[in-house]
Amino acid sequence: VHDITRRKALERSMRRSEALFRATFDQALLGIVHTDLEGRFIRVNRRACEQLGYTEDELLALGYLEVTHPEDLTESAAHHQRLLAHPKEPFEYQVTRRYLRKDGSVLWALASVGVIRDDDGMPEFFLTMVQDITELKKVEEMKNEFVSTVSHELRSPLTSIRGSLGLLAGGAAGPLPKAAHDLAVIGERNCERLIRLVNDILDTERMEAGRMRFELQRSDLGSLAARAIEAMQGYALGRKVELRLLAPARPLAAEVDPDRFIQVLTNLVSNAVKFSPPASRVEIAVLEHDGNARIEVRDHGPGIPDEFRDRVFQRFAQADASSTRAAGGTGLGLYIAKGIVERFGGTIGFETAAGRGTTFHVELPGTTTAPALAAPRLAVSA
Amino acid sequence: MNSGHAELRRILLVDDEEEVRLVAKMALETVGGFEVGEAASGADALAAARSGDFDLVLLDVMMPAMDGLATFDALRASQASRDLPVVFMTAKVQPSEVRAYLARGAIGVIPKPFSPMEVSGEVRRLWANREAKL
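Same order as they appear, the protein sequences are chains A and B. For the first sequence, the residue numbers in our numbering are 52 to 433. For the second sequence, the residue numbers in our numbering are 842 to 975.
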């Protein structure tokens, strides 16, 4: 009698547990599927059927091969192989993956995949939870397209404006009265600043969307620094600041995207020149530091005010809005530099002393082996 | 047919925007001392290249109907312009785009907005580099 009572209680408890699981499984906002180790679906919930456009019976007759986008099968198979090779190791991952709906359209999904094990800890079946992010992907694509279009739409009129003002200021359209020439120069200078701003905003957007592409290659940092300095020479001369490169005793290499590395240095040097008094010097040093490569950009300006120090790398951060504006900065240079350096796996920071100047430094990992030559430069004008 | 002047003299400027053509033409003529022919579309460019005795093409990318890439391919496909060096002058200069232009066979890329006082020197430099590459 005792046994029967206990068994009944156990059965009740199991039924309840099963009902709880059923309700949770069926009402989940995520698509949930259980897949056996051969890839056949053994359980699918309502949401998964809706996401893929199949009835439950139709879906249960299929397997993950039929509903996974062909281009994402390799990645999926790699995880599967890993599990088969090491069945007892923890197995769980999240991935953005494309599935195919019954009508052939693509379902963009954030999938979380784990494994259910038997009593011996061996994998029994996969548990996959799928969040439909198709709409999110569409919005993201629209935003990218919008930014790219805006960029082009802004550049087109800027091309004519820069061209016209540049030719006027340069005297190519004939001599101008002094006042008219001065006005053309002001227009030209501010047009160039607007162009830098458009470029920096685009870079910022790309960086934040994770779409800034990097072609990392082992590069000689000294020669890249020389190229950055060459590009900034005109600007420095205009402000009567001398640029000096202190190159390392032997070539120093790191894994960087050469163009982006030059962009970082250009931003740092431009910043240093901007805050340098006339007839002073900006030193750019490339050196080895604890097995890392270190690049320093040192100015002899007023130093960074105390209250501004923790905001230096923020977007549109300006210690003194008026001085930055007068100097033609965009307020995005250091923010972009930090983002790029971090993508190289490096760090960026600064030391500053009131009235004595500021040194920005970039540290890049793993640089002790002999360097390859920097890649030949793309044929793009500055 | 491209006469292959020893020096860069005649440039075909292809851009659908009239004001951009006006500014670029003035920059190339007054600052660079080049002779500049204009085309407002890819189709015009093909016709001009057939008859114009040009040394180099400056080619916009974003154009209606036939864009710069299609124009480039058509120039390459035509006997008369197959060896004519092309420089893309465009606002579409993301690194991946620039690589695509060069991979297609352009001798260089000049980003818009270009500097009117420097664009001639840049074109001349690209031309010289292309000579060095051959």
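Worth double-checking, as some hints may not be accurate.
[Stated by the list, open to error] Okay, derived cross-link-like pairs now, SDA-like style, lysine to any residue, Cα gap no bigger than 25 Å in a straight line:
1) B:Lys866 x A:Lys189
2) B:Lys866 x A:Val157
3) A:Lys194 x B:Ser937
4) A:Lys189 x B:Glu959
5) A:Lys229 x B:Thr871
6) A:Lys189 x B:Val872
7) A:Lys291 x B:Asp908
8) A:Lys189 x A:Val157
9) B:Lys866 x A:Lys188
10) A:Lys194 x B:Glu870
11) B:Lys866 x A:Lys291
12) A:Lys194 x B:Thr871
13) A:Lys194 x B:Pro905
14) B:Lys866 x A:Lys194
15) A:Lys188 x B:Thr871
16) A:Lys194 x B:Pro952
[To be verified] Some, not all, of what chain A presents toward chain B, calculated at C-beta under 7 Å:
17) Gly165
18) Thr210
19) Gly214
[To be verified] Partner residues are not named here, just some residues of chain B that face chain A (Cβ under 10 Å, in silico):
20) Ala865
21) Val872
22) Ser892
23) Ala906
24) Met907
25) Leu910
26) Leu925
27) Lys933
28) Gln935
29) Arg940
30) Pro952
31) Pro954
32) Phe955
No wet-lab data here; the hints were simulated from the structure. Using N, Cα and C, we set each Cβ at its ideal position, and we do this for glycine too.
Here is how each hint holds up against the structure:
Distance check on the hinted pair: Lys866 of chain B and Lys189 of chain A sit about 41 Å apart at the alpha-carbon level, beyond 25 Å; violated. For a cut-off of 25 Å, the pair hint linking Lys866 of chain B to Val157 of chain A is broken: about 48 Å separates their Cα positions. Pair hint Lys194 of chain A plus Ser937 of chain B holds up; C-alpha atoms about 19 Å apart against a cutoff of 25 Å. At most 25 Å may separate the alpha-carbon atoms for a hinted pair to count; Lys189 of chain A and Glu959 of chain B exceed this at roughly 41 Å.
Using a Cα cut-off of 25 Å, the hinted pair Lys229 of chain A and Thr871 of chain B holds, with the two alpha carbons roughly 21 Å apart. With a CA separation close to 47 Å, the supplied pair Lys189 of chain A and Val872 of chain B exceeds the 25 Å bound. Of the supplied pair hints, the one linking Lys291 of chain A and Asp908 of chain B is violated, its CA atoms being roughly 44 Å apart against a limit of 25 Å. Distance hint between Lys189 of chain A and Val157 of chain A is fulfilled; the C-alpha atoms sit about 12 Å from each other, no more than 25 Å.
The hinted pair formed by Lys866 of chain B and Lys188 of chain A fails the criterion: a straight-line CA distance of about 43 Å is larger than 25 Å. Using a Cα cut-off of 25 Å, the hinted pair Lys194 of chain A and Glu870 of chain B is violated, with the two alpha carbons roughly 40 Å apart. For a cut-off of 25 Å, the pair hint linking Lys866 of chain B to Lys291 of chain A is broken: about 34 Å separates their Cα positions. Note on Lys194 of chain A and Thr871 of chain B: the hinted pairing is violated, with a Cα-Cα distance of about 41 Å set against a maximum of 25 Å.
This hinted pair checks out: Lys194 of chain A and Pro905 of chain B have alpha carbons roughly 23 Å apart, not beyond 25 Å. Proximity of Lys866 of chain B to Lys194 of chain A is assessed by CA-CA distance (about 35 Å); at most 25 Å being required, the pair is judged violated. Between the alpha carbons of Lys188 of chain A and Thr871 of chain B the distance comes to roughly 49 Å, so the proposed pair goes past 25 Å and is violated. With a CA separation close to 23 Å, the supplied pair Lys194 of chain A and Pro952 of chain B stays within the 25 Å bound.
Hint status for Gly165 of chain A: violated, given a least beta-carbon distance of 36 Å to chain B, over 7 Å. A hinted interface residue such as Thr210 of chain A counts as satisfied when its beta carbon comes closer than 7 Å to some beta carbon of chain B; here the least separation is about 4 Å, so the hint holds. Nearest Cβ of chain B to the Cβ of Gly214 of chain A: about 3 Å, under the 7 Å cut. The hint holds. This hint holds: Ala865 of chain B has a C-beta 7 Å from the nearest C-beta of chain A, less than the 10 Å allowed.
A distance limit of 10 Å between C-beta atoms decides the matter here; for Val872 of chain B the minimum to chain A is near 5 Å, and the interface restraint holds. Proximity of Ser892 of chain B to chain A is violated relative to the hint, the smallest CB-CB distance being about 28 Å (cut-off 10 Å). This hint is violated: Ala906 of chain B has a C-beta 17 Å from the nearest C-beta of chain A, more than the 10 Å allowed. The restraint placing Met907 of chain B at the interface with chain A is violated, with a minimum CB-CB distance near 17 Å, outside the 10 Å limit.
Violation of the interface hint for Leu910 of chain B is found here, the shortest Cβ-Cβ separation to chain A being roughly 15 Å, above the 10 Å cut-off. At a threshold of 10 Å, the smallest CB-CB gap from Leu925 of chain B to chain A is about 17 Å, leaving the interface hint violated. The criterion of a C-beta within 10 Å of any C-beta in chain A is met by Lys933 of chain B, whose closest approach is roughly 7 Å, and the hint holds. A cut of 10 Å between beta carbons decides the hint on Gln935 of chain B: the least distance to chain A is about 8 Å, and the hint holds.
With a cut of 10 Å, the hint placing Arg940 of chain B at the interface with chain A holds, because the nearest CB-to-CB distance is about 7 Å. Hint status for Pro952 of chain B: holds, given a least beta-carbon distance of 6 Å to chain A, under 10 Å. Given hint, Pro954 of chain B at the interface with chain A, holds; its Cβ is 4 Å from that chain's nearest Cβ, closer than 10 Å. The beta carbon of Phe955 of chain B is positioned within 10 Å of a beta carbon in chain A (closest approach about 7 Å), and the interface hint is therefore held.
The structure does not agree with the numbered hints 1, 2, 4, 6, 7, 9, 10, 11, 12, 14, 15, 17, 22, 23, 24, 25 and 26 stated previously, though it agrees with the rest.
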